[in-house]
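Numbering of the sequence shown is given in our numbering, commencing with residue 2 and proceeding in unit increments.
Please keep in mind that the hints were generated in silico from the structure rather than gathered at the bench. We treat Cβ as the ideally placed atom computed from N, Cα and C, and that holds for glycine. Hints are not guaranteed to be accurate.
Derived DEER-like restraints, expressed as beta-carbon distance ranges [unchecked claim]: (1) Thr161 x Thr266: 20 to 30 angstroms; (2) Ile33 x Pro288: 42 to 52 angstroms; (3) Leu172 x Ile258: 38 to 48 angstroms; (4) Thr274 x Pro168: 26 to 36 angstroms.
Calculated lysine to any residue pairs in the SDA-like style (CA-CA distance at most 20 angstroms, straight line) [unchecked claim]: (5) Lys90 x Asp10; (6) Lys90 x Arg11; (7) Lys18 x Leu72; (8) Lys90 x His7; (9) Lys90 x Pro283; (10) Lys18 x Met88; (11) Lys18 x Pro89; (12) Lys90 x Gly14; (13) Lys90 x Asn157; (14) Lys18 x Phe29; (15) Lys18 x Leu8; (16) Lys18 x Asp86; (17) Lys18 x Ser34; (18) Lys90 x Gln339; (19) Lys18 x Ile80; (20) Lys18 x Arg87; (21) Lys18 x Arg98; (22) Lys90 x Asn155; (23) Lys90 x Leu12; (24) Lys90 x Thr340; (25) Lys18 x Val76; (26) Lys90 x Ile80; (27) Lys90 x Glu341; (28) Lys90 x Ile342; (29) Lys18 x Ala84; (30) Lys90 x His13; (31) Lys90 x Phe29; (32) Lys90 x Leu8; (33) Lys18 x His7.
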Amino acid sequence: MNEEEHLADRLHGSWFKIGWVIIGLASFAYIISSFIGWGSESEDWIGRASSFCEMARSGIMREPVNTLSNLAYIVVGMIFLHAADRMPKSGPNPFSRRGLAAPTYGITSVLLGIGSFVMHGTSTHISGMLDWSGMLLWISFPVFYNLSRWLGWNENRMITTFLITVPLLLLIDLAFDSADFSDLGAIDSQPAATVGLGALYRHILWSSAIGMLIIFELGLHTAERVTNHGVRITLVGSAPSLLLVLSAGPIPVLLIIVQCLSFFTAAAILCNTPTPYFRRSPTPWLPVGVGAFILGLIIWQFGLEGTTRCNPETFFQYHAGWHLLTALTVFSLGRYFQTEIEVRAESE
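Given only the sequences and the hints, what does the whole structure look like? Please build it.
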């Protein structure tokens with residue numbers, strides 16, 4: 002038994018409890034901090050529309066609706082942790098058998114919810130960093146998981162690479178004048194020049210991770226369906242590029258061009274490497290997750306302060322809808338990974 006299997010066996014049956022410990026510690030820290038006070042940067046928001054539209058209020062949550070909607074991510078993460086405790090020792094894929102993949106995915110979902118909860122609940126600079134950290138942890142994990150499946154890495158190598166790379170990216174973030182994603186809203190009056198380096202850096206990481214997810218999945222699903230090599234590369238590279246162009250907002254055109262070129266380069270490299278010996282069933286979970294995410298992107302724009310659809314006083318907040326829809330995406334993506342089956346024997 003290697004170290005990876007030993008760790009997975011030791012923690013098997015405890016993942017759900019670990020999730021509750023994380024939630025408990027985060028809740029304790031949040032409540033204590035509310036009694037201590039979040040400082041003038043938080044209090045100055047009271048009575049004003051937040052960056053994500055909802056009116057900031059006094060009390061334990063600055064944006065109650067946007068804050069509480071993050072419980073959806075936490076529930077999804079706990080579902081995966083609960084399922085991980087009951088997975089058999091052997092299974093068709095790492096998301097369906099005892100190991101580290103499924104519980105790590107569940108923990109990233111819990112942390113995603115906690116980070117966003119804290120940001121909308123406290124309206125402080127440090128909470129914005131926690132929110133971004135949770136976002137990057139979650140969106141990065143499927144990229145590293147796909148990379149490991151494509152290159153044949155074991156779980157230990159995948160988890161180690163993930164846990165080294167993401168903190169390094171977050172440390173680099175500290176070097177910039179970081180700004181939240183509301184700075185990238187599609188407000189016509191906002192020129193690209195006003196977008197800070199911190200927001201651009203986060204845009205690059207976020208959009209690149211989404212682009213790589215699209216490239217991996219299209220590369221997998223077109224491997225046997227599209228025989229023309231050039232057409233396949235064009236299809237795989239065009240999809241993330243189109244999404245980037247449509248959702249870029251006030252991003253410098255040169256940066257968009259560079260990212261699109263990087264997507265086509267990644268598509269060419271992927272399409273020139275041997276296709277891994279596994280298949281995933283796209284229905285129903287992949288279209289559900291993608292559809293929820295695209296719809297979430299659309300309404301995210303409506304939930305920014307200053308847009309015509311923003312109503313700070315109502316309990317119906319578009320940004321809360323973004324949370325609920327992307328929580329469905331988180332759930333659907335995990336379930337989609339569970340559809341994976343090995344086809345090595347059939348290929349040989």
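Comparing the hints with the structure gives:
| no. | hint | in the structure |
| --- | --- | --- |
| 1 | Thr161 x Thr266: 20 to 30 angstroms | 26 angstroms, holds |
| 2 | Ile33 x Pro288: 42 to 52 angstroms | 43 angstroms, holds |
| 3 | Leu172 x Ile258: 38 to 48 angstroms | 28 angstroms, violated |
| 4 | Thr274 x Pro168: 26 to 36 angstroms | 28 angstroms, holds |
| 5 | Lys90 x Asp10 | 9 angstroms, holds |
| 6 | Lys90 x Arg11 | 12 angstroms, holds |
| 7 | Lys18 x Leu72 | 17 angstroms, holds |
| 8 | Lys90 x His7 | 12 angstroms, holds |
| 9 | Lys90 x Pro283 | 25 angstroms, violated |
| 10 | Lys18 x Met88 | 15 angstroms, holds |
| 11 | Lys18 x Pro89 | 18 angstroms, holds |
| 12 | Lys90 x Gly14 | 12 angstroms, holds |
| 13 | Lys90 x Asn157 | 16 angstroms, holds |
| 14 | Lys18 x Phe29 | 16 angstroms, holds |
| 15 | Lys18 x Leu8 | 16 angstroms, holds |
| 16 | Lys18 x Asp86 | 10 angstroms, holds |
| 17 | Lys18 x Ser34 | 24 angstroms, violated |
| 18 | Lys90 x Gln339 | 15 angstroms, holds |
| 19 | Lys18 x Ile80 | 12 angstroms, holds |
| 20 | Lys18 x Arg87 | 13 angstroms, holds |
| 21 | Lys18 x Arg98 | 19 angstroms, holds |
| 22 | Lys90 x Asn155 | 15 angstroms, holds |
| 23 | Lys90 x Leu12 | 13 angstroms, holds |
| 24 | Lys90 x Thr340 | 17 angstroms, holds |
| 25 | Lys18 x Val76 | 14 angstroms, holds |
| 26 | Lys90 x Ile80 | 19 angstroms, holds |
| 27 | Lys90 x Glu341 | 16 angstroms, holds |
| 28 | Lys90 x Ile342 | 16 angstroms, holds |
| 29 | Lys18 x Ala84 | 12 angstroms, holds |
| 30 | Lys90 x His13 | 10 angstroms, holds |
| 31 | Lys90 x Phe29 | 35 angstroms, violated |
| 32 | Lys90 x Leu8 | 13 angstroms, holds |
| 33 | Lys18 x His7 | 19 angstroms, holds |
Against the hints set out earlier in the document, violations occur for numbers 3, 9, 17, 31.
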